[in-house]
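Read top to bottom, the protein sequences are chains A and B.
Just so we're aligned: the first sequence equals residues 851 to 1163 in my numbering.
Just so we're aligned: the second sequence equals residues 1452 to 1782 in my numbering.
Hints were generated in silico from the structure; no laboratory data involved.
One or more hints might be untrue.
To be verified - Only some residues are given here: those of chain B computed to face chain A with a beta carbon under 8 Å:
no.: 1; residue: D1674
no.: 2; residue: Y1678
no.: 3; residue: A1681
no.: 4; residue: L1682
no.: 5; residue: G1683
no.: 6; residue: R1695
no.: 7; residue: R1772
The beta carbon of each residue, even a glycine, is placed where N, CA and C say it ideally should be.
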Amino acid sequence: MSLRVSELRVVYRTLKGDVHALDGVTFGLADGEILGLVGESGCGKSTLGKSLIRMDGRMRHLGGTAVLDDEELPIGDDRRMNEFRFKRVSLIPQYAMSALNPTRRIRKLVAELLRSRGVALDAAELESRMAQVGLPPDVLGRYPIELSGGMRQRVVMVISTLLDPSLLIADEVTSALDVSTQKAVVRALLGFRDRGYVKSMIFITHDLALTHHLADTIMVMYAGRLVEKAPADVIVQAPRHPYTRLLLDALPEVGVRHADRRLTGIPGSPPQLLDPPAGCRFRARCPVADDRCAEDPPVTALASDHHVACWKA
Amino acid sequence: MRRYFFRKLLVYGLTFFVAVTVNWMIPRFMPGDPVAGMVARANVTQPQAVAAMRAYYTELFGFDRPLWQQYVNFWGAMLRGDFGLSIWLFPTPVSTVIGNAVPYTLALVVPSVLLSWVVGNWFGAYAARRRALDNTVLPVGYILTATPYMWLAVLLAWGLGVVAGWFPVAGGYSFALQPTWSATFLLNLVHHWTLPFLSLFLVALGGWAIGMRNMIIYELESDYANYLSALGAPARLIRRYAFRNAVLPQITGLALQLGVIVAGALVTEIVFAYPGLGSLILKAIQNQDFFLLQGTFLFIVLGVLIANFIIDIVYVVVDPRTRAGMAGANA
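Bound conformation, chain A alone:
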């Protein structure tokens, strides 16, 4: 098991009180596994990604652990966490297109970053990895502003995986890209895994269809909690949680004229996490909810690799 997260609880400090963005999330990630993390905005998926590498100033670690390769990550300790960053856990951020210092040439930027982490730059390796994502070597001599958005993102992908981290967190990396570029990014990420540059990966997105192509396992989150986790095909073909089903129903299908069949959404909106309601958090929007749902549904294993948090599953 590459990564083992148990009962992770993280809050955002606000003037009104703590916002429980991650409320007891437990899951595992095997060596070589790509986990697709899906959910709507504010469900806690990005918070989970950030917690595993660098919490921002407003976040607090309330409880729970994350164990990477039999070593516990000091999640709440920014200073001790530094040793793990980049070398063991790495990140392709949501803002990859603006993640490079505009006034440094790529080669110098990479060299300075590596030197600051006490690693020597292997120029040949860097160039070969650039080539693998389709970037010519002369890109290294350019400034970030001279590259297109897609090229910049690929540069960031190469930099983030340069030290062969055990865990790579890809946070919404395809959100701002057109479909053909999305495909190229997905292919590059698969290549990183297959060549062993990264051992395992968490791919955070709201795009269920795209995740299906990339991920081995899909984990659906809702309001700071795990809803359902199963192999990608199972999630797409035989989902058990009503939220997962509604999420899939909300996807447009190829070949369906939406003039004939209107696209359905999920009515309502997620609960406020400042003071989350008791019981199942999806209760208010759930079509099959009843009195029992006032009690917290535990995460139960339907099969060895299929976990659901629902009384009705």
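Please build the complex by placing chain B on the supplied structure of chain A, with the hints as guidance.
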């Protein structure tokens, strides 16, 4: 690259032409008659003598020619380095009068501009990451920037000059001394220079510190800074990048400030009766001295243009984005 500088030079040339023309126009359209003033100063009562003097001066300064000819002659003379004779200090050539004043103004403006810029940037960057310093530097900075030059100058002159008696409050050097290269004279020069310098330096300092502090905070919250810290880069590296990028708008600010600073120096020189270009302008206006006024303005215009051109070059060197923009313009 060459095209960029060619275009820049063209713009500067055009600016120079317009500035010189306006410069020539202003004194001529000012109310008052300088020749009448000179004649009056001579205290002659005989009407014939007055008429003769008036004719002599008018001919000497070329006021009897049509305006367009005066304008053309002005350009011709200027290109030969001849700025005419000063009316106020008749018959000293304007170039000599200005030549005597320029070192004082340069010694005042150049160090105060550059030092306040460097110290202000350094101070602001430092304040951006020390809360205690931030809470003290910032209010003081706001007060300093909001202070008018002359008011601070008067305050300094009164506090450190009149009350404390540490510094002289007027002049470029003591009247008891003759300008020589002796240590006594140089020390005296520095002593007289300190207060005007301080007033210019302090007012500018606050603005630079505030600007730099805000820019650094903005840069430290930018995406690239976040990415670097997520990859565990030390704060030292991130701060270095932030400083480098935050300085760029400050360089633009410096270029914009130059014109204002010249005006500030003018007022400060008048307050301290410092023998630079500022005092010269005042005297020239009071004495209807066209030629001196033209010469001084010309010098200031030249100074601002040259300084801006230098900053243009510096900007191209330090910011790769301007170079990329130039490549785009060429393509």
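Against the structure, the hints come out as follows:
no.: 1; hint: D1674; in the structure: 4 Å, holds
no.: 2; hint: Y1678; in the structure: 4 Å, holds
no.: 3; hint: A1681; in the structure: 5 Å, holds
no.: 4; hint: L1682; in the structure: 4 Å, holds
no.: 5; hint: G1683; in the structure: 3 Å, holds
no.: 6; hint: R1695; in the structure: 6 Å, holds
no.: 7; hint: R1772; in the structure: 6 Å, holds
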